[in-house]
Amino acid sequence: MDCIECAKKIEKAVKEIEGVKQVRVSYTLGKMSVEVEKGKVSTEQLRRSVGLLGYKLEPVEQGAYEDFFTFKNRRLVATAVSGIFLLLGIVTEVALDISYLYLSFYGIAILIGGYYIAHRGLVAILEKYLDINMLMIIAVCGSVAIGSYSEGAAIVFLFSTAEMLESFSIVRTRKSIYELMDFAPNRALVRREGKEEYYDVNDVAIGDIVIIKPGERIPIDGIVISGQSSVDEAPVTGESIPVTKRLGDQVFAGTLNASGFLEIEVTKEFKDTVISRIVQLVEEAESEKAPTERFVDRFAKYYTPIIVLAAILTIVIPPLFFNEPFDVWFYRGLVLLVISCPCALVISTPVTVVSAITGATRRGVLFKGGIHLERMGQISVIAFDKTGTITKGKPEVDEIIPFKNYSEYEVLKIAASAENRSEHHLARAVIAKAEELRIGIEEVEAFESMSGKGVTAVILGNRIFCGSPEFFVEQGIDLLTYKDLIERKNAEGKTVIIVGTEREAIGMLTIRDTVKPEAREVIRELRNLGIRKIVMLTGDSEKVAAKVAEELQLDEYKARLLPEEKVRAIEEYQKKYGPVIMVGDGVNDAPALAKAEIGVAMGVAGTDVALEAADVALMGDDLRALSFGIKLSRRASRVIKQNISVSLAVKSIFFVLAFPGFITLWLAILIGDLGTSFAVISNAMRLVR
1247 MDCIECAKKI EKAVKEIEGV KQVRVSYTLG KMSVEVEKGK VSTEQLRRSV GLLGYKLEPV
1307 EQGAYEDFFT FKNRRLVATA VSGIFLLLGI VTEVALDISY LYLSFYGIAI LIGGYYIAHR
1367 GLVAILEKYL DINMLMIIAV CGSVAIGSYS EGAAIVFLFS TAEMLESFSI VRTRKSIYEL
1427 MDFAPNRALV RREGKEEYYD VNDVAIGDIV IIKPGERIPI DGIVISGQSS VDEAPVTGES
1487 IPVTKRLGDQ VFAGTLNASG FLEIEVTKEF KDTVISRIVQ LVEEAESEKA PTERFVDRFA
1547 KYYTPIIVLA AILTIVIPPL FFNEPFDVWF YRGLVLLVIS CPCALVISTP VTVVSAITGA
1607 TRRGVLFKGG IHLERMGQIS VIAFDKTGTI TKGKPEVDEI IPFKNYSEYE VLKIAASAEN
1667 RSEHHLARAV IAKAEELRIG IEEVEAFESM SGKGVTAVIL GNRIFCGSPE FFVEQGIDLL
1727 TYKDLIERKN AEGKTVIIVG TEREAIGMLT IRDTVKPEAR EVIRELRNLG IRKIVMLTGD
1787 SEKVAAKVAE ELQLDEYKAR LLPEEKVRAI EEYQKKYGPV IMVGDGVNDA PALAKAEIGV
1847 AMGVAGTDVA LEAADVALMG DDLRALSFGI KLSRRASRVI KQNISVSLAV KSIFFVLAFP
1907 GFITLWLAIL IGDLGTSFAV ISNAMRLVR
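In the numbering used here, the protein residues as written are 1247 to 1935.
To be clear, the hints were calculated from the coordinates, so they are not data collected in a lab. Careful: at least some of the hints might be erroneous.
Under the rule of at most 25 Å between Cα atoms (straight-line distance), these lysine-lysine pairs were calculated in the DSS-like manner [stated by the list, open to error]:
no.: 1; residue 1: Lys1779; residue 2: Lys1793
no.: 2; residue 1: Lys1679; residue 2: Lys1699
no.: 3; residue 1: Lys1762; residue 2: Lys1659
no.: 4; residue 1: Lys1804; residue 2: Lys1793
no.: 5; residue 1: Lys1877; residue 2: Lys1638
no.: 6; residue 1: Lys1822; residue 2: Lys1804
no.: 7; residue 1: Lys1804; residue 2: Lys1638
no.: 8; residue 1: Lys1374; residue 2: Lys1261
no.: 9; residue 1: Lys1258; residue 2: Lys1284
no.: 10; residue 1: Lys1659; residue 2: Lys1679
no.: 11; residue 1: Lys1762; residue 2: Lys1779
no.: 12; residue 1: Lys1821; residue 2: Lys1804
no.: 13; residue 1: Lys1286; residue 2: Lys1254
no.: 14; residue 1: Lys1659; residue 2: Lys1374
no.: 15; residue 1: Lys1779; residue 2: Lys1679
no.: 16; residue 1: Lys1258; residue 2: Lys1286
no.: 17; residue 1: Lys1459; residue 2: Lys1302
no.: 18; residue 1: Lys1699; residue 2: Lys1254
no.: 19; residue 1: Lys1267; residue 2: Lys1302
no.: 20; residue 1: Lys1779; residue 2: Lys1638
no.: 21; residue 1: Lys1302; residue 2: Lys1254
no.: 22; residue 1: Lys1638; residue 2: Lys1650
no.: 23; residue 1: Lys1517; residue 2: Lys1547
no.: 24; residue 1: Lys1267; residue 2: Lys1277
no.: 25; residue 1: Lys1514; residue 2: Lys1547
Here are the computed distance ranges between Cβ atoms for each label pair [unchecked claim]:
no.: 26; residue 1: Arg1806; residue 2: Arg1540; range: 38 to 48 Å
no.: 27; residue 1: Tyr1655; residue 2: Arg1773; range: 22 to 32 Å
no.: 28; residue 1: Asp1449; residue 2: Gln1721; range: 47 to 57 Å
Just so you know, these numbers come straight off a predicted model, no measurement behind them. Backbone N, C-alpha and C define an ideal beta-carbon position, used for all residues, glycine too.
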């Protein structure tokens, strides 16, 4: 495909096939997604429909990586042959001046190089489109009609060459996206029924045991069941420091097993792996158009008809009313027709957006659409959750304090049993402590999580509460005896979890979580980027929140917030300061993420829910990815403005210079249209790197 109009033509043709429910064609990705009624549409029907328009349809697996410069590319060969005959025509005209010979060479150059142009142009007319190919046909026929054969041949060659270069640039953009999949091997060594054999990754099932040797890339998502190794997760999280993987840890397809021998149990089919989902979400991101892209699309609808009308008036009015020579003004009208195609303008935004999203993905930042990419750089306020966002998110049990006649062993055993079904950060810390001390966990008969407060569970017939002091007060359990102790531990920056029954509190756990080492640097950088207000919204206690806010020099914090209270806090900041980014874990903060203009979920590589909940997902846990995302958003906005400005400036200059005759047809094609498109694409592709 050479332009967005090509994608629209394909969509229109495929939609007319009976049984097609929905179709979406991506110009920048070169990909078509079709939803059909079962059994009513065959691949051959789709291939035939697309083929009639002059395009080739291939499965993604086959076409995504096809080498552009091969002799399979017939148009490339036709362009090269056309160029040879054009050169022969110029040489024979200048050196030999044998008219029948050079006219023959020019004619052959036009016929060979113009075949694809004529085919697509005529298809466009039949489909009631006025596209650049049809305009080129008119320009070439017009040149021949006024006796300018060499210019007609030059138009064909230059147009085809420029389109080849433009297509090559787009192919590079597409490859940069699909190269993400290259990280994942297409075969996996699987142990089934005691035998080890290689299988295609698409044939590996959930529950299979996959063996990964040192130095190999992990072929599929799973959980380590044997071995220990250092794994480079850069393709998924963007973080270059290898992570040690042990028994029970998650591993992801496409990551590199650096040192040890691992056996993993497969947890997802290949199509559902994190790296597959990343590629899928990047593809879907194109449909979420940025506001600038929507504006440009509206502008282009009016631009082309106006310029075509101006071209017609240029051809008709001067000869008819002012007795000017027809051939001169006919030629100038052709020049206007050529520059009436807004290709460079229309592709300026989508190519930039896809390039930026692809570049961000390589750094572990996943934008879910162009609208989020554009908005992220316009934010006034950033609100952080605390646990797992600006702190390490791996809190550890610091103290076990039993009450009355209970022991530390009993308090921890009961707490770990009650928290065993919870996904909360603090629950995992309690369970980890029990595992460390080799304390067994009892079976839970009933369980309920009270968001932002704690959990209740039935264990061995007894109802157990585990949560914040406030949660116990709500249950009518007296904590007055322990009030000073709780306040003292909170003042030390520790989170207090009370453990108890329906009748009494039996003990407490204190949990400590440290601030991420890069947090201070990121907060400073965000201030340098001009963020007006940086705040923290947390469900943790007042004193713990105050300590973290003071350590990071945050502008403000709100503590002891339930999920719905975080939403109200976001609303307040929006009214007072403007657009807000909410940064959280994507699960507990889902309502606040949804309310903010941009919801950013951290460390979502292993969490499907978080990946879906966020507008922007940071695959790793490094906060520096947030400031990178804001800077990339602003850089992408600058590139979009540059591209639009260059496109409009070149068109305006050529429009003005066309009337006095300073612009030739070949110059209008080479610079005014396809040269500008090539420049726009090349400028956008800088964002991939």
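Structure-based check of all given hints:
For the given pair, lysine 1779 sits about 18 Å from lysine 1793 by alpha-carbon distance, which is consistent with the 25 Å threshold. With a C-alpha separation of about 21 Å, the suggested pair lysine 1679 and lysine 1699 falls inside the 25 Å cut-off, and the hint holds. Our distance criterion of 25 Å between C-alpha atoms is broken by lysine 1762 and lysine 1659, whose separation comes to about 30 Å. Note on lysine 1804 and lysine 1793: the hinted pairing holds, with a Cα-Cα distance of about 12 Å set against a maximum of 25 Å.
Between the alpha carbons of lysine 1877 and lysine 1638 the distance comes to roughly 24 Å, so the proposed pair stays at or under 25 Å and holds. Only pairs whose Cα atoms come within 25 Å are accepted, and lysine 1822 paired with lysine 1804 is accepted, the gap being roughly 16 Å. Of the pairs offered as hints, the one joining lysine 1804 and lysine 1638 holds, with about 19 Å between alpha carbons and a cut-off of 25 Å not exceeded. Only pairs whose Cα atoms come within 25 Å are accepted, and lysine 1374 paired with lysine 1261 is accepted, the gap being roughly 15 Å.
Between lysine 1258 and lysine 1284 the alpha-carbon distance is near 20 Å, which keeps this suggested pair within the 25 Å criterion. With a C-alpha separation of about 10 Å, the suggested pair lysine 1659 and lysine 1679 falls inside the 25 Å cut-off, and the hint holds. At most 25 Å may separate the alpha-carbon atoms for a hinted pair to count; lysine 1762 and lysine 1779 meet this at roughly 20 Å. Among the hinted pairs, lysine 1821 with lysine 1804 is consistent with the structure: their alpha-carbon atoms are about 17 Å apart, no more than 25 Å.
The straight-line distance between the Cα atoms of lysine 1286 and lysine 1254 is roughly 23 Å, inside the 25 Å bound, and the hint therefore holds. Between lysine 1659 and lysine 1374 the CA atoms are separated by roughly 74 Å; this puts the pair beyond 25 Å, and the hint is violated. With a C-alpha separation of about 37 Å, the suggested pairing of lysine 1779 with lysine 1679 is violated against the 25 Å cut-off. With a C-alpha separation of about 18 Å, the suggested pairing of lysine 1258 with lysine 1286 holds against the 25 Å cut-off.
For the proposed pair lysine 1459 and lysine 1302, the alpha carbon gap of about 40 Å is over 25 Å, so the pair is violated. For the proposed pair lysine 1699 and lysine 1254, the alpha carbon gap of about 52 Å is over 25 Å, so the pair is violated. Pair hint lysine 1267 plus lysine 1302 holds up; C-alpha atoms about 22 Å apart against a cutoff of 25 Å. Restraint check: the Cα-Cα separation between lysine 1779 and lysine 1638 comes to about 22 Å, which is no more than 25 Å; the hinted pair holds.
Proposed proximity of lysine 1302 and lysine 1254 is supported: the alpha carbons are some 15 Å apart, at most 25 Å. As the CA atoms of lysine 1638 and lysine 1650 are separated by approximately 34 Å, the hinted pair breaks the 25 Å bound. Distance restraint check for lysine 1517 and lysine 1547: the Cα-Cα separation of roughly 39 Å exceeds the 25 Å cut-off, and the hinted pair is therefore not satisfied. Distance restraint check for lysine 1267 and lysine 1277: the Cα-Cα separation of roughly 17 Å lies within the 25 Å cut-off, and the hinted pair is therefore satisfied.
Distance restraint check for lysine 1514 and lysine 1547: the Cα-Cα separation of roughly 45 Å exceeds the 25 Å cut-off, and the hinted pair is therefore not satisfied. Between arginine 1806 and arginine 1540 the C-beta distance comes to about 42 Å, which sits within the given range of 38 to 48 Å. Distance hint check for tyrosine 1655 and arginine 1773: the Cβ-Cβ separation is about 48 Å, which falls outside the suggested range of 22 to 32 Å. The hinted window of 47 to 57 Å between aspartate 1449 and glutamine 1721 holds, with their beta carbons roughly 53 Å apart.
Taken one by one, the earlier hints fail for this structure at numbers 3, 14, 15, 17, 18, 22, 23, 25 and 27, listed in ascending order.
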